[in-house]
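Protein chains: 2
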Amino acid sequence: MEIANLPIGFRFNPTDAELLYYLKKKVLSLPLPANVIPELEAFQFNPWDLPEISKQRSDFGEGGLNEKRFFFCKRKKNLMSKCSSCGYWKSSGKEKQIVAGESNHVIGMMKTFVFYQGRNMKTQWIMQEFTIAGHLKTPFLDQRLMMKVGNWVVCRLYQRVMRARNHGAAELGHSIAQTTPFIPMSPWSSSEITDISSSDLDE
Amino acid sequence: MEIANLPIGFRFNPTDAELLYYLKKKVLSLPLPANVIPELEAFQFNPWDLPEISKQRSDFGEGGLNEKRFFFCKRKKNLMSKCSSCGYWKSSGKEKQIVAGESNHVIGMMKTFVFYQGRNMKTQWIMQEFTIAGHLKTPFLDQRLMMKVGNWVVCRLYQRVMRARNHGAAELGHSIAQTTPFIPMSPWSSSEITDISSSDLDE
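The listed protein sequences correspond, in order, to chains A and B. Residue 168 in the UniProt record's numbering sits at position 168 of the first sequence; the count goes up by one each step and never skips. Residue 112 in the UniProt record's numbering sits at position 112 of the second sequence; the count goes up by one each step and never skips.
This is chain A alone, in the form it adopts within the complex (with noise of 0.2 angstroms):
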């Protein structure tokens, strides 16, 4: 199924859980339930010059801020790979592990990553990056060890929100407030109805 194909208010919003069943099945070159992460190098991208590739549009706007994106990168360990042309991607806290369902199964591990342009002005832009998390069992400790595997990690790119207080989105719908009196109303007859078709909800 492709993005373009769903209906109005869907889209590919995957728990940590579901991006790693993903990883999974494109590390062992399976087929994918739907074509949806592109492979893209995302470090080596500023994060507002990436490609449209991945952008889940819509018509209504307002969720451009909270969109969030995949992508499938090659698998590196040195962090120098994680800078652009404006900036770096510095890895913020802990790394987290993520656990399947309910169970205690460590399935993967999530790093994650704050943009920071220039030397040191940081950023929204995060970038989450996912490994698959394997077992081996050693046959001289009486413990399984857990590691990394794979060859593909998948990342989760999205702006940290603001509070309403400070966006500019809040900020207007202030100023509209000023010249168009909001006044709160019983359930309205049906022929009133029909002023809404001025706004731009119409199809």
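Worth double-checking, as some hints may not be accurate.
As the list claims (entries may be wrong) - Here are a few chain B residues that sit away from chain A, every Cβ distance over 12 angstroms (derived from the structure):
| # | residue |
| --- | --- |
| 1 | N46 |
| 2 | W48 |
| 3 | K82 |
| 4 | S85 |
| 5 | C86 |
| 6 | Y88 |
| 7 | M121 |
| 8 | K122 |
| 9 | W125 |
Said to hold, decoys possible - Under the rule of at most 20 angstroms between Cα atoms (straight-line distance), these lysine to any residue pairs were calculated in the SDA-like manner:
| # | chain 1 | residue 1 | chain 2 | residue 2 |
| --- | --- | --- | --- | --- |
| 10 | B | K96 | A | V161 |
| 11 | B | K68 | A | G101 |
| 12 | B | K94 | A | V161 |
| 13 | B | K68 | A | Y158 |
| 14 | B | K68 | A | L6 |
| 15 | B | K111 | A | V161 |
| 16 | A | K68 | B | N13 |
| 17 | B | K94 | B | L145 |
| 18 | A | K68 | B | R160 |
| 19 | B | K82 | B | E41 |
| 20 | B | K25 | A | P7 |
| 21 | B | K68 | A | P7 |
| 22 | B | K74 | B | N46 |
| 23 | B | K68 | A | V161 |
| 24 | A | K122 | A | Y88 |
| 25 | B | K122 | B | Q44 |
| 26 | A | K68 | B | L6 |
| 27 | B | K25 | B | P38 |
| 28 | B | K68 | A | R160 |
| 29 | A | K68 | B | E67 |
| 30 | B | K111 | B | G87 |
| 31 | A | K68 | B | V161 |
| 32 | A | K68 | B | K68 |
| 33 | A | K111 | B | V161 |
| 34 | A | K94 | B | V161 |
| 35 | B | K74 | B | L50 |
| 36 | A | K90 | A | T112 |
| 37 | B | K68 | A | E67 |
| 38 | A | K68 | B | G101 |
| 39 | A | K96 | B | V161 |
| 40 | A | K68 | B | P7 |
Treat the hints as calculated values from the structure; they're not laboratory data. Using N, Cα and C, we set each Cβ at its ideal position, and we do this for glycine too.
Let chain A serve as the given structure and place chain B on it in line with the hints.
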């Protein structure tokens, strides 16, 4: 399209404007893009007792807390109707104007409610109530009045996400880390990748 036919990772996760698009169709008795929002007097239920009808199931757990659910409810002005058997929904913050796309058109209003258990125990349950906003041209005043229209509202229910450090899953992950040491390693050979098949990622 029914939810059950979607590939893994796809869900109904509309923006505010998209949700108002569904509501407008409902108010005007026009066909909806998808049969995904049930009619239910959601405010009369304890949030944890709400029927499973609008739950977007997944075999991958993990997303449970972040899951959003949607309901069409009859519009009521009466705050008393926002009580359930175990508590009540209290409005929180100012009503927010929803603006369509990049235009300045206010297409709806959003009111946020928090569920209080018993007399005053605040919970993590949040209900956002969306109403369509219409405009009325007044022959006497030199301005347009804005008002709520239609006999339906649409509600988005979710649980506020706890910070990772307080989150049960994160603590669980920590205890696992103590029993299964983690070793970051370079890309794995194909024979060793099969080790991950024991995880819960399997279909």
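- Query: Taking only the CA atoms, is the gap from K68 of chain B to G101 of chain A under or equal to 20 angstroms?
  - Reply: holds, 18 angstroms
- Query: Between K96 of chain A and V161 of chain B, is the straight-line Cα distance small enough, at 20 angstroms or below?
  - Reply: holds, 16 angstroms
- Message: Just to be careful, I want the Cα atoms of K94 of chain B and V161 of chain A compared with a cutoff of 20 angstroms; is the pair within it?
- Response: Holds, at about 19 angstroms.
- Message: Need the status of pair K94 of chain B, L145 of chain B: alpha-carbon distance at most 20 angstroms?
- Response: Between K94 of chain B and L145 of chain B the Cα gap is close to 19 angstroms, so the pair holds against 20 angstroms.
- Item | Hinted pair K68 of chain A and P7 of chain B, Cα distance within 20 angstroms | With Cα atoms ~17 angstroms apart, K68 of chain A and P7 of chain B stay inside 20 angstroms; holds.
- Query: Taken at face value, is the distance from the CA of V161 of chain A to the CA of K68 of chain B at most 20 angstroms?
  - Reply: Holds, at about 17 angstroms.
- Query: Taken at face value, is the distance from the CA of Q44 of chain B to the CA of K122 of chain B at most 20 angstroms?
  - Reply: holds, 17 angstroms
- Item | Hint consistency between K68 of chain A and E67 of chain B [alpha-carbon to alpha-carbon, up to 20 angstroms] | holds, 16 angstroms
- Query: Within a Cα-Cα threshold of 20 angstroms, do K90 of chain A and T112 of chain A meet the stated pairing?
  - Reply: This hinted pair holds, its Cα atoms lying about 8 angstroms apart.
- Task: For the pair we were handed, K122 of chain A and Y88 of chain A, check the Cα-Cα distance against 20 angstroms.
- Result: Since the Cα atoms of K122 of chain A and Y88 of chain A sit roughly 10 angstroms apart, the hinted pair holds (cutoff 20 angstroms).
- Is the hinted pair K68 of chain A and K68 of chain B satisfied, with a Cα-Cα distance of at most 20 angstroms? holds, 16 angstroms
- 12 angstroms Cβ clearance of W125 of chain B from chain A: Check passes; 19 angstroms lies beyond 12 angstroms.
Violated hints are absent here; each numbered hint is respected by the structure.
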